[in-house]
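Kindly generate the complete structure, drawing on both the sequences and the hints.
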Amino acid sequence: MARWKSSSKARWVVALSWISGCSDPATTTGGDAGPDAEPPACSEGTWDHDGDGETSCVAWTACTAGTFASAEGSPTADRRCTACPEDTFSDTVNAPSCAKHTPCAPGTRQTAPGTNTTPAPCDACSPGTYCAGGTAALVDCADGTWDDDADPATPCVAWTDCVPGEFVGAEGSSATDRGCLRCTNGEHTATMNATRCSPGAWVLSYFGPQQDVRSDSLHLAYSTDGLHWSALADGQPAYRLTGMGTNHIRDPFLFRKNDGTYVYIATDWTLAENDANYWNRPSSKIFVADSTDLITFTNPRLITLTNLPGPSSTPMHAWAPEAYYDPDRELYAIIWSGNDTTGANRIYVSYTEDFVTIVNPTPDVLFDPGYSVIDATITQWNGRNYLFFKDETDSSGSALTGSGKDIQIARSPTLALDPATFTRWSPDYITRGSTQSRRRATEGPFVIKDPRQSRWYLFADYYLNGGVFGCWSTTDLDTDPGSWTELPSAEYSFPSGVRHANAIRVTQAELDALIAHY
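If you want the working numbering, it's the position in the sequence shown, counting the first as 1, plus 10.
Think of the hints as simulated: they come from the structure by calculation, not from any bench. Mixed in with the good hints there might be a few duds.
As the list claims (entries may be wrong) - With a straight-line Cα cutoff of 20 Å, these simulated SDA-like cross-link-like pairs (lysine to any residue) come out: (1) Lys267 to Glu197; (2) Lys295 to Glu332; (3) Lys110 to Thr127.
Put into structure tokens, the structure is as follows:
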């Protein structure tokens with residue numbers, strides 16, 4: 011509506027009052043304040059576009075999508091609209107600012123460019139694919155990988171590898187992992203991702219009872235039932251070290267790596283010729299060699315496991331090394347026995363990717379029950395590690411253990427070889443039976459599972475008897491250690507003079523090749 015000019019309006023009101031007989035205009039109250047009164051202001055959202063009080067106020071300009079209100083209006087000024095700068099947009103009327111175009115988040119992909127009025131459209135990617143976000147193209151999981159979390163925002167991961175001893179039960183896809191099954195009925199595989207199992211056997215590694223180089227070398231035997239063992243090479247060394255100190259090596263351990271090849275590790279005795287002079291020259295190193303067939307051994311070397319000191323200013327010794335694969339770390343774990351400055355032994359763990367370089371030069375304590383322990387070996391079952399070890403105390407373990415010099419057991423909650431995760435649930439010794447009354451003087455345990463049934467056999471070296479082993483059996487690794495059953499000696503057999511042995515699974519074809527060679 012038009013707004014009156016103040017002087018004209020005042021004159022009209024006065025005239026009207028006089029004509030109608032109202033009171034004297036000079037004394038009238040109310041009405042216009044006078045000839046100089048301001049016209050009423052424009053209401054909110056409108057403005058005086060022409061400075062003329064007799065014309066109507068008009069609405070502020072509306073800033074459409076693609077622009078923003080760079081300055082708001084007032085009764086005397088219009089709203090100012092400015093186009094959105096490049097790479098920005100507005101999709102509402104009278105937006106206070108333009109929003110920046112942002113890349114599509116991982117798990118989505120941009121299907122069209124954004125405009126000054128719309129953001130770039132981002133479509134969700136489907137499971138079994140990977141979208142890095144932004145303008146990156148949708149990528150199907152590559153062959154050998156899969157979408158493990160059904161989240162296209164995360165990269166596809168490699169299918170699980172079926173390790174030796176397993177076979178591929180179901181191949182993977184972009185949406186499912188490869189399925190691995192354990193070989194059964196005594197069969198085995200020797201390579202990664204084998205499609206079927208073949209008849210299997212065990213190969214035993216050991217050293218001899220004498221203190222000469224012939225005994226302190228790698229000896230091999232084999233078994234198809236896990237109880238009766240026959241020597242290979244008529245008991246002669248399968249590998250004899252030359253050109254490295256005194257050439258003595260003990261406590262051999264064979265391990266099949268994930269690529270199907272073998273590594274041979276052993277206690278370094280190359281500074282000594284016999285037990286008597288070893289103690290003044292202990293070694294913090296272990297012996298390592300490689301093999302593809304357990305016939306030829308290459309690249310013999312010593313690797314240092316620790317920089318820690320032992321007792322009486324001597325190096326810490328590194329005894330009875332064994333190797334396992336730690337799936338959590340994706341590293342091989344070497345476990346071994348080491349003595350600290352007080353002379354007490356613990357079980358240590360060193361990690362490696364290649365059996366050349368140690369990841370942790372200062373080793374971690376894998377297991378310390380509070381008293382001296384050596385000769386650890388591990389069996390993996392039902393998502394746990396079971397650690398068998400020798401109590402090295404001699405009636406000196408206080409209330410934590412018994413009189414010592416026999417085999418005990420501990421377990422971890424997972425398959426990860428994490429330090430300080432093993433716990434012993436009983437102080438009883440496996441090798442002493444239910445009464446626990448007689449020390450058996452055992453060491454160097456190794457454990458195998460009968461692949462045809464849920465039964466485990468523990469073999470241990472009667473170290474005072476010069477190469478004689480005992481055998482104990484159970485169907486439950488979580489049972490009380492004293493409930494293992496000792497087998498009569500007539501039910502198992504070893505070659506003469508076996509010391510500190512360990513066993514590895516091979517295929518029948520591999521065993522046939524070993525028998526033919528040796």
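Right, here's what the structure says about each hint:
1. Lys267 to Glu197: Holds, at about 18 Å.
2. Lys295 to Glu332: holds, 13 Å
3. Lys110 to Thr127: holds, 11 Å
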